[in-house]
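Trainee: One-letter residues, chain by chain:
Protein chains: 2
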Amino acid sequence: MKLMKKSERILLAHGSGGKLSRQLVEEVILPGIGVAGAVNLDDAAVLQLHGMAGRAKGPRLAFTTDSYVVSPIFFPGGNIGDLAINGTVNDLAMMGARPGFVTVGLVIEEGFALDELEAALLSMRKRALEAGVTIVAGDTKVVERGKADRIFISTSGIGLIPDGREVSGSLLQPGDRILVSGTIGDHGMAVLSQREGLEFRSDIVSDSAPLNSLVEEIFETGAEIHALRDPTRGGLAATLNEFATGSGVGILVEESAVPLEPSVSRACDLLGLDPFYVANEGKLVVSVSETGAEQVLQAMQGHPQGGRAAAIGTASSDHSGTVILQTRVGGKRILDMPTGEQLPRIC
Amino acid sequence: MKLMKKSERILLAHGSGGKLSRQLVEEVILPGIGVAGAVNLDDAAVLQLHGMAGRAKGPRLAFTTDSYVVSPIFFPGGNIGDLAINGTVNDLAMMGARPGFVTVGLVIEEGFALDELEAALLSMRKRALEAGVTIVAGDTKVVERGKADRIFISTSGIGLIPDGREVSGSLLQPGDRILVSGTIGDHGMAVLSQREGLEFRSDIVSDSAPLNSLVEEIFETGAEIHALRDPTRGGLAATLNEFATGSGVGILVEESAVPLEPSVSRACDLLGLDPFYVANEGKLVVSVSETGAEQVLQAMQGHPQGGRAAAIGTASSDHSGTVILQTRVGGKRILDMPTGEQLPRIC
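Taken in sequence, the protein lines are chains A and B.
My numbering runs 4 ahead of the 1-based position in the first sequence.
My numbering runs 4 ahead of the 1-based position in the second sequence.
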């Protein structure tokens with residue numbers, strides 16, 4: 005059923021990271037770009053560089069892109085520049101790659117203040133240094149007043165994937181343990197609180213952070229890592245659903261095990277939002293074979309980006325393709341893929 | 005002198021590809037991104053991939069990015085999708101690279117018509133097939149109505165640079181011949197005519213085209229190629245000035261030798277524009293040692309993208325850093341770097 009066609013116009017919800025986003029990609033973008041495109045159009049791809057070395061197979065290169073349109077561009081704990089670097093670093097890291105080089109495309113609205121541009125650039129510089137990536141190329145376009153919303157930033161990144169690392173949302177195995185690297189919902193609520201001018205604002209800060217060094221720690225354990233993903237747009241619920249459908253497994257999540265800041269929990273309650281659907285920008289979800297899970301958990305907890313890491317669930321061959329939440333009160337409910345618009349322009 | 009600081013706000017002219025664009029990059033963007041950034045922030049970079057092969061030096065990878073904000077998005081001879089693929093293919097080709105993989109970032113305004121999106125995507129598909137590149141990853145963001153102008157597209161590309169190719173705007177030698185692959189100003193005037201609804205519209209079409217196969221022909225000659233560039237924003241004048249200042253040579257250009265469509269010439273006259281400053285999207289300028297110039301010119305003329313190629317000038321050790329135009333009427337004038345706003349949102 006081509007739900008997409010019913011609207012015939014792009015809706016905000018098409019950018020939400022949920023079902024409508026997927027429909028836009030699957031029913032319009034992929035068929036449109038067609039055979040010239042890859043089989044999927046994720047924000048990241050693994051390229052095998054043939055004929056580049058003395059080896060039968062060349063090195064594997066990860067290549068990713070993301071556009072950032074967050075509003076407001078400055079929010080508690082960061083700004084659009086932090087997101088643009090950390091997001092691309094994390095996309096690469098989630099493929100098992102070591103991020104190396106980043107390009108930056110700026111679309112700036114006429115009249116944008118130079119000092120705000122400078123602040124965003126400074127953040128990019130700091131985050132690039134922190135993550136150990138080099139910004140190697142850039143492009144700047146300016147559009148008339150009213151034709152963009154201050155500044156949009158597109159970043160692309162490349163990195164090499166060390167031999168032996170093979171992670172994908174389609175590789176989960178029944179029995180896998182699902183771990184999350186810390187509290188959920190912080191980024192989305194930080195942006196939203198700033199946007200709405202809510203009084204809980206000062207308590208909540210974005211978790212935007214580069215995760216590549218945490219990923220190295222995880223692989224360092226030698227455990228069997230099957231999948232890695234940063235739960236950004238669509239939140240933890242979207243990532244877990246992508247894992248379940250991508251791998252044909254069921255996932256059972258223990259709600260009480262999922263780390264959550266009390267301030268984020270309160271803000272979600274107040275606004276009627278479910279933190280499972282709120283974006284994160286400095287967290288990862290890892291699916292690891294049962295035998296290595298404890299080791300990975302400890303490695304994460306010993307890392308600055310993983311202090312509050314927790315084992316939150318298990319993959320199984322039951323209820324394949326579905327994520328089930330064991331709630332705090334003892335019941336069970338399906339944790340569905342987010343549908344329409346959750347929180348637009350959160351990244 | 006920090007002219008940039010005087011305005012303290014971004015002006016349209018900062019996106020024009022001329023002096024103010026350069027100032028924005030040199031005085032704000034580079035200092036802002038700082039030591040994490042490369043020494044320059046061109047839209048393309050060459051990366052030496054160390055430790056990737058059985059060779060002391062790994063393969064050289066070109067990595068580029070560009071954002072497209074052209075208005076209107078459909079114009080005679082193409083649309084924003086054509087530009088986004090051809091532009092990135094050409095950025096790679098101008099580094100001597102063989103374009104391989106492209107990523108696409110879409111920022112779409114809420115309410116944008118699906119059939120227009122589909123038309124732009126179809127163009128991207130066709131151009132990718134034509135150039136032999138694979139679109140491997142993508143990202144889509146949607147912003148509220150009035151917060152963007154229909155659609156902006158960011159593309160990044162990577163390609164391998166075959167051994168022995170060493171081209172740069174800083175490598176021109178006195179005695180080099182400067183060749184252009186065809187008529188100038190077509191793209192800019194096609195977009196402008198569409199925008200202004202001018203009556204000469206039907207005569208002028210954008211030259212948007214992938215130039216990678218033409219570049220292969222040029223290298224195939226074995227001639228000593230020093231510099232390659234596609235004269236986009238800022239036109240032929242900007243490219244020649246970048247060559248002159250980058251290499252510390254003077255360039256003398258014969259105005260009568262520069263190919264120009266009569267319709268473009270008439271439109272420029274009518275609007276008081278100088279075709280040397282108008283953007284091209286399917287032309288290249290090559291600086292080649294005198295001995296190989298004739299061979300390269302013939303190779304270009306035998307290629308579909310170079311039928312009207314011409315030798316237009318010479319590099320010398322005189323008037324270093326300056327481009328001088330030998331005019332049709334016999335005089336000489338300096339062909340300066342474009343200053344402020346020429347034609348905004350031409351690409």
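Think of the hints as simulated: they come from the structure by calculation, not from any bench.
Here the structure is a predicted model, which means the values were calculated and not measured.
Treat the hints with caution; some may be incorrect.
[To be verified] Not close to chain B: a few residues of chain A, all C-beta gaps over 10 Å, as computed:
1. Ser75
2. Phe223
3. Ser267
4. Thr326
5. Asp340
[Claimed, not checked] If the Cβ cut is set under 8 Å, some of the chain B residues that face chain A in the computed set are:
6. Ser25
7. Ile37
8. Ala141
9. Ile162
10. Ile165
11. Cys272
For every residue, glycine included, the Cβ atom is placed at its ideal position computed from N, Cα and C.
Trainee: Cys272 (chain B) was flagged as interface toward chain A. Is the shortest Cβ-Cβ separation under 8 Å?
Mentor: 23 Å, violated
Trainee: Mind verifying the non-interface call on Ser267 (chain A)? Its CB should be farther than 10 Å from each CB in chain B.
Mentor: About 27 Å separates Ser267 (chain A) from the closest Cβ of chain B, which puts it past 10 Å; holds.
Trainee: Beyond 10 Å from chain B, beta-carbon-wise, is Asp340 (chain A)?
Mentor: 21 Å, holds
Trainee: Just double-check Phe223 (chain A) for me: nearest Cβ-Cβ distance to chain B has to come out over 10 Å.
Mentor: Given a closest Cβ separation of 18 Å, the condition holds.
Trainee: Would you check whether Ile162 (chain B) satisfies its interface hint, that is, whether its CB is within less than 8 Å of any CB in chain A?
Mentor: Nearest chain A Cβ about 6 Å off; hint holds.
Trainee: Should the label of Ser75 (chain A) as a non-interface residue stand, given a Cβ cut-off of 10 Å to chain B?
Mentor: 8 Å, violated
Trainee: Taking 8 Å as the limit, does the beta-carbon of Ala141 (chain B) come near enough to a beta-carbon in chain A?
Mentor: 4 Å, holds
Trainee: With a cut-off of 8 Å, does the beta carbon of Ile165 (chain B) approach a beta carbon of chain A closely enough for the hint to hold?
Mentor: Hint on Ile165 (chain B): violated, closest Cβ of chain A at ~11 Å, above 8 Å.
Trainee: Please check whether Ile37 (chain B) passes as an interface residue: C-beta within 8 Å of a C-beta belonging to chain A.
Mentor: Given a least distance of 5 Å, the restraint on Ile37 (chain B) holds.
Trainee: Would the least Cβ to Cβ distance between Thr326 (chain A) and chain B come out above 10 Å?
Mentor: Holds: least Cβ distance 26 Å, greater than 10 Å.
Trainee: Closer than 8 Å between Cβ atoms is the bar; does Ser25 (chain B) clear it against chain A? Give me holds or violated.
Mentor: It holds, given that the least Cβ distance between Ser25 (chain B) and chain A is near 7 Å, below 8 Å.
Hint violations for this structure: numbers 1, 10 and 11, all remaining hints satisfied.
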